[in-house]
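Engineer: From these two lone chains plus the hints, build me the complex, please.
Residue numbers (the numbering used here), protein chains in the order written: chain G, 5 to 156; chain C, 59 to 690.
What the hints contain is simulated information worked out from the structure, not anything from laboratory work.
Worth double-checking, as some hints may not be accurate.
As the list claims (entries may be wrong) - Straight-line distance between alpha carbons at most 27 angstroms, and here's what the computed DSSO-like set of lysine-lysine pairs gives:
| hint | chain 1 | residue 1 | chain 2 | residue 2 |
| --- | --- | --- | --- | --- |
| 1 | G | 148 | C | 293 |
| 2 | G | 148 | C | 303 |
| 3 | C | 603 | G | 86 |
| 4 | C | 678 | G | 86 |
| 5 | C | 616 | C | 505 |
| 6 | C | 303 | C | 293 |
Every value quoted in this text rests on a predicted model; they were computed, and no experiment measured them.
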Amino acid sequence: MELTINGRKREADVPSDMPVLWVLRDVLGMTGTKFGCGMALCGACTVQLDGQAIRSCVTPVSAAAGKAITTIEAIGNTAAGKKVQEAWIALDVPQCGYCQSGQIMSASALLAKNPHPTDSDIDAAMGGNICRCGTYRRIRAAIKHAAQGGRR
Amino acid sequence: MTTVSRREFVSVLTAAGGSLLLGYRVGEGQRVASVASAPGFAPNAFIRIAPDGSITLFMPQAEMGQGTHTSMSMLLAEELEVTPEQVRLEHAPPDDKLYANPLFGEQITGASSSIRMFYEPLRRAGATARAMLIAAAAASWNVDAASCRARKGVVTHTPTGRTLSYGALAAKAATVPVPDKIALKDPKDFTLIGTPAKRPDTPSKVNGTAQYGIDVRLPGMLIATVAASPVLGGKVAGLDDEKAKAVPGVRQIVQLDDAVAVVADHMWAAKQGSAALEIRWEDGPNAKVSTADVVEGLAKASETAGVTARKDGDPPSAFAGAAKKVEAVYESPFLAHATMEPMNCTVHVRRDGCEVWTGSQVLSRARAAAAKVTGLPLEKVVVHNHFLGGGFGRRLEVDYVTQAVRIAKQVDAPVKVVWTREEDVQHDVYRPYYYDRFAAGLDAHGKPVAWSHRIVGPSIMARFLPPGFKDGIDIDAVDGAVQLLYDIPAIQIEYVRHEEPVLNTGFWRGVGVTHNNFVVESFIDELAAVSKQDPVAFRRALLRKSPRALTVLELAAKEAGWGKPVPRGRGRGVALLFSSWGTYLAQVAEVEVTGSSDVRVRRIVCAVDCGQVVNPDIVKAQIESGVVYGIS
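Chain C on its own, in the form it takes in the complex (with noise of 0.2 angstroms):
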C-alpha cells in the first residue's frame, strides 16, 4: 500500500502541472510568427498593435460564460496601459507551446484555473509590452525612459508633455529588444483589476451576434445529424436508409461503424432523415448493463481497501477508542451536464488540409483529433474557437470533433455535425456515480476524534491527464477529500479505482471537488445530528487551525440569521468548502418544506474568499451560477 501524506500529496498535485511552468514562460517571451507575421507590434502571443491603433488581445482560454475574456483581457490591459474599449479580443489559434495552461501544460480551460494560473503571466505580458512601448517612444525622443509614462494607449513624456500613440510606436517598439526584466504595476496603483469592469462579450449576447460554434456558416456548407450507438461500445450491425434518403434535402447517409449521420441541406432534413432511418445495432458487451450492475460493483469494491490517500494519527487505536462510532455510506449519481448549445462541430476535410469551427476547453486537443482522423500533419488542420454555449467539462472532451471529422471524411462540402438534443443527453460524458463509504469515532461529548473516508470511482485523470493518476491515486477524484479541515487527530482517506466502462465518464463543474464536499459535509451534519451539536457550532469547534474556513464559516452564519427563529416548514442548513482550487466557502440554505413534497430554497447566502479578485461581478455571478447549478 502506497502512503502519502498531505503534504507530499500537496506536491504531487504541484508536480502534475510543473511541467507547464515552461509552457507559460514561453508565450510572453517569444515573438509570435502567426501574430507578428501581421505589420505592427507583437511583443508576444498575447498582444497585437497595429499601426492604425488597433489593439488585439489573444484569449488563451475558452470563454464559456465564466467570465475569462472579461478578467483575463483586464489583466493584460491593466500592465499593458489601455482602456478595455481601446481593445478587441480574439480566440487564441490552438497552441500548447504559446497558450499553455500551466496547470496542465496544455491549452486546457478547466479546473477553474484560467485566473490562478495566468494571473501573473498575462500581467507579465501586458507590462513588457508596456515597457517596449515607452523605449521606442523614448528613443524617438531621444529621453529617458524613465522620463516617460504610458495611458490610454498613450506613452507621454512627461517633463515636455510630448505624446506618441500606441499605434504610431508600433514599428518602432517591434525593433526594440524584448527586455529581461519587468516591473510589474503595484497593486496599488491598480486601475482595472479589482473593479466590476463590464463584460466585453455582454452586447453581442443580447442582439444575436455572439458566434457560437453552432453558428457557422460557410459557402456550401451541408448540415448532419447524428444517431449513434445508444449502448457504449455497439455497432451499426445493419443500415436501411431508403426512407431517409427519399426525404427532401437530404443528400447523403454517411455510416460508420458506430454511428450513422444524415448529411442534408438543413437540419429538419436531417433529422427527418435520422428519425426514419433503420438501424439494427450490435449493442456489443454492454448490452444487459442497468445503473443497478454499476452500483453493485461499486459498493463490492467499496468493501476492499484503497490507496491512502491522507493518513493523521493512528485510525485504528483512535476508533477503537472512541466513545461512539458512526457509518455511513454516499452514493452520487451520474450527471449529464446539458450545456445549452449541443454537441456541435464543423468540419471541412479537403486532400491537402483540415479546417474545423467548433466550441472547445481544449482547443489542441480537437487539432490533435482532427490530424488522427485525417492523417494530416497537424500544421495541415486549423481549427477556430468560438463562444461556448456551455461547458461545464463537457467541452474537455474531443469526442465530438473526433466523430465529425470522421463524418467530414466522406463527405465533399463542408459539413455542420449538429446532435440533437437527445442524442447530447445519451452520449454526454458524464459525471462518473461514485460511491463514498465513511466512519467517524465520537468521544464522550461528541467531538470527532477519528475521520475515515473512502472514495470509490474510476480515474478520469488516468484517461484525461495521466499524471494526475500516480500511485493508484486520482489527484482529482480524491480533491474535496484530502484537503479535509476540520482538526481531527486521526485521519484515513482512501481511494478505490473502480471502472465501470458502461458509460463515457468526466469532469463535470469540478468532480473531486464538488462531489467530495457534498458527502463530506453531508457526514459532518450528520456527526452535528449524532451529537445533539448546532451543525454550525461543531463545525466552528474543529476549525480553529482554518482562520480563512473559519471567516466565511461565521460570516455565511451571521448574513443568514444563523440561530434565529424561521418560518414554520422552514430550516436551514450550512456547509463549507475547501479544496486545492484554493477558495474558501460557505453557505447557508434557507429550505422550506411544504405539504409532502414540495420543496424550496428560499434563500442562499454564500461567503467567499477566493483570494485576489480581479472582477467582483464575475466573482458574484460564477457563485450564483454555482448556486443554481448546484440545486438544479
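Chain G with its partners taken away, still in its complex shape (with noise of 0.2 angstroms):
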C-alpha cells in the first residue's frame, strides 16, 4: 500500500484494516506517534489526515490511502506546529510527555483551522487528548501563546 506521510511516498506491505499506528509505530519505525488505548480513548495517537486530527489507532490504513498524514515527526514544519512547538517550549509545557505528540497533533489542527481559539474552542478540540501528568492548564496557556504569535 502506498501511503504519503510527512509529504514522502512511502510503501508497507500491510493488511488494509491494520490501525494508522502501528504501522507508523511498528513497520517503519516512527516512533513519535503513541500508543495509549487503542481506542480513540485517550488522544495519543493523534495524527493529521489532510490536516484533521484523528485518533490513528483506530483509523485504518485503507482510510488514509491517498491523503496526507503528518505526524509529529514533521509537524514542525507546518505554520501552525512550528507556532505550537515554540510555545509548548516556551511554556516548558510536557511533564512525562507521553502524551504530548498527541496534544500537539490537535492543537495544531487547531490553530491551522482556528488562529485564535476561544477557551471553549481549545475545549471542544482537545477534549479528547488526555494527560496524566495534569499538564491541561499549561496546555491551554501554550495555545494561546501560539496563537498570539508567542506573545506572553
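Structural biologist: Next up, the structure:
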C-alpha cells in the first residue's frame, strides 16, 4: 500500500485493516506517535489526515490511502505546528511528555483552522487528549501563546 | 502492644533510610570503572568530561515528568560551574553502589525524595570535579589554585587572564587526587539553583524524538502482547491457539503458567492474535472474591485494636471528659495508576547474557529480576532505562519486567512485550483500599480535646521495603496521620495491618501521605461543622505550634478570598497537608454545583512551603500536576 507521510511516499506491505498507528510505529519505525489505549479514548496516537486531527489507533490504513498523513516528526514544518512547538517549549508544557505528541497534533490542527480559539474552542478541540500528569492548564496557555504569535 | 512515641517514630523513619547514608558517600568519592573506562575525566559516578570538551551528567533518578533530570542536572552544573547548555544528560545504569537513593539504600525513584536526598550529594559531586579541574589548571600554570576560578566550563587564572577549558584539562584532572575536603558554594552565589531553568527534555518531547521504553527498536525485534490471568493467582488450564496462529504476522505463542503471550511482527498482529486465543482459566482461590468481600474484611479488622503509632496525653480520660464525641469512618478505594505509557519491557535473552530496555523507577531491581528469571549472574544482565511515560509509583514494581523476561526466554529474538490498555488497568498494582476509623472528643466550645484514628489496610512496606515495616507499623501507611500538626492534648493513632491478597497493591503517588491527608482533613472539616465553626478558623486555632503550617494556611485563605461572598451555587473548601516528606501545603478549592450532579472545580489556590527550591517552575508544574491528578 502506498502512503503519503510527511510529504514523502512510503510503501507499506500491511493488511488494509491495520490501524495507521501500528503502521507508523511498528512497520515504518516512526515512534513519535504514541500508543495509549487503542480505542480512541486518550488521544496519545493523534496524527493529522489532510490536516484533520484523527486517532490513528482506530483509523485503518485503507482510510489513509490517497491522503496526506502528518505526524509529530514533521508537524514543525507547518506554520501552526511550528508555533505550537515553540509555545510548548516557551511554557515548558510537557512533564512525562508521553501524551504531548498527540496534544501538539490536536492543537496544531485547531490553530491551523482557527487562529484565535476561545476557551470553549480549545475545550472542544482538546477534550479527547488525556494527560495523566495534568498539564492541561499549560496546554491551554500554550495554545493561546501560540495564537498570539509568541507574545505572553 | 508496642507504643512508639512521635519522636521515636521519626527516628524509625530515619533508621529505615539510615543504611543508605553509606550509599551516597560511595558515588561521589570513587572513580567509576564503567564511566572512567572512556578517556577523559570521571571524578565520580555522575560526571564525565571528555577531552573534546563534551560534558555528560549521569542521572541517577528516573525522569517520569517530575523534572528530576532538570533539577538534578542543575545541582551538578551549579557546583561544576557549567551551563545547562554545555551538558548532555544520560540515564545512569543500574548500580546500587553508585546510584543508591540515600533514603532507600537502593536506586529507587519514589517518595518525592530525589531533591531531598540528592541535594547535597550532587552538589558535592559537582564541587569535587570543579576543585580537581582547578587543581589541574593551577598545576599546568604552576600557580596557586586559589588564584584560579572556574566559570562556564573554563578555568581562568585571574591575575593573568590565562584560560583552559574543561576539555583541555580533562586528561590532567583525571590524575589529580580526589580532595578530602570540598567547599560548596555559598547559596548567595548560586547562579542556577533557585532559577526557573528550562527543562532539557522539553525539545525532544515536542518533536517526537524523546525515547520511552515503548519506543525501543532493535534489529530482528518481535512484538508481543499478553493475556494474563484476569484473577490474581489464576492459572492457564487449557489453551487453543490455532486461530491465533493463523493471524498473519503472528510468529509464536508463549504459554506461561499464568499468562499467554502472542509474539508477532507488529502489535496489530499480536493484538488480533491475543483476541483469537481461547484460554481456559483456572481462577484459583480468588475466583469468587468481590470488592464487597474486601471491604467486609477491612471493616471487621477495624473493630480490633491496632499497634499504636502515636500516643499523646491520656486519650481514654480525655474522651471520657469530652462534652461531645464525634465518630466517622472513611473508605478510600482501590485506584489504578493508568500511566499514559502502558507497561512494556523489551528483552533479549541470549545464552550468555540478557539485555533489557524499559522505563523503571527501580532500575537495579529490574536488573535483579531479569537475573533471577534467567539464572544469569547480575553482571551478565544489562538494563537500559528510558524516559517514563508516567510512573506515579507503578514503575516501582518489576512485575512487567519479570513477565517480559519469562516470555523472552522462550523467544529466539529480542522481543518487546507491550500490554494493552485493558491489560494495564486490569493488572495494575493498585493503591490499596483503606478503611479509616475516627473519633474525636470536643469540649463545650467545640475545641478538640481528644483524637483517635485507626488506619486499617495492607502493608506495602512489608513487601516492598521490609525495614519500613517495623514493630507492626507500616511507616508509610500511617504517614500523614502520625504527622498530625493539630495541637490536640490527647491523641491515639493506631495501625491495623490487614491483607486482602485479591489484587496487587502498591505505591500510588504517595500512599500514606495522600490517603491519610484526605481522611484527616475530611474529619477535621466534619468537626468544624459539628462545632459550627469556620473551617479555616477551626484549623488556625489548632496550629499555634506549627508556624509553617499556619503560614501556608493563611496565605492560601487570603489569596482565595476566604470569607468573601461566592456566587450562588459555589462554595469553598480548605485542606492542609504535611507528612514526613517535609512539605507544608494548604489548598482552597472553589467548587460549583449546578443542577443535581454537575460538579465543577472553578479555582484552586495552593500555598506551598517546600523549603529550598531548586527550580520554581518545576515546583509549580508539580503542584499543578498533583491538583489535577487528585481531582481526576
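Engineer: Run every hint past the structure and note whether it holds.
Structural biologist: The hints, checked one at a time:
1. G/148 with C/293: 53 angstroms, violated
2. G/148 with C/303: With a Cα-Cα distance of about 51 angstroms, the restraint between residue 148 of chain G and residue 303 of chain C is violated, given a limit of 27 angstroms.
3. C/603 with G/86: 53 angstroms, violated
4. C/678 with G/86: Since the Cα atoms of residue 678 of chain C and residue 86 of chain G sit roughly 26 angstroms apart, the hinted pair holds (cutoff 27 angstroms).
5. C/616 with C/505: 23 angstroms, holds
6. C/303 with C/293: 21 angstroms, holds
Hint check: violations occur at hints 1, 2, 3; the rest are consistent with the structure.
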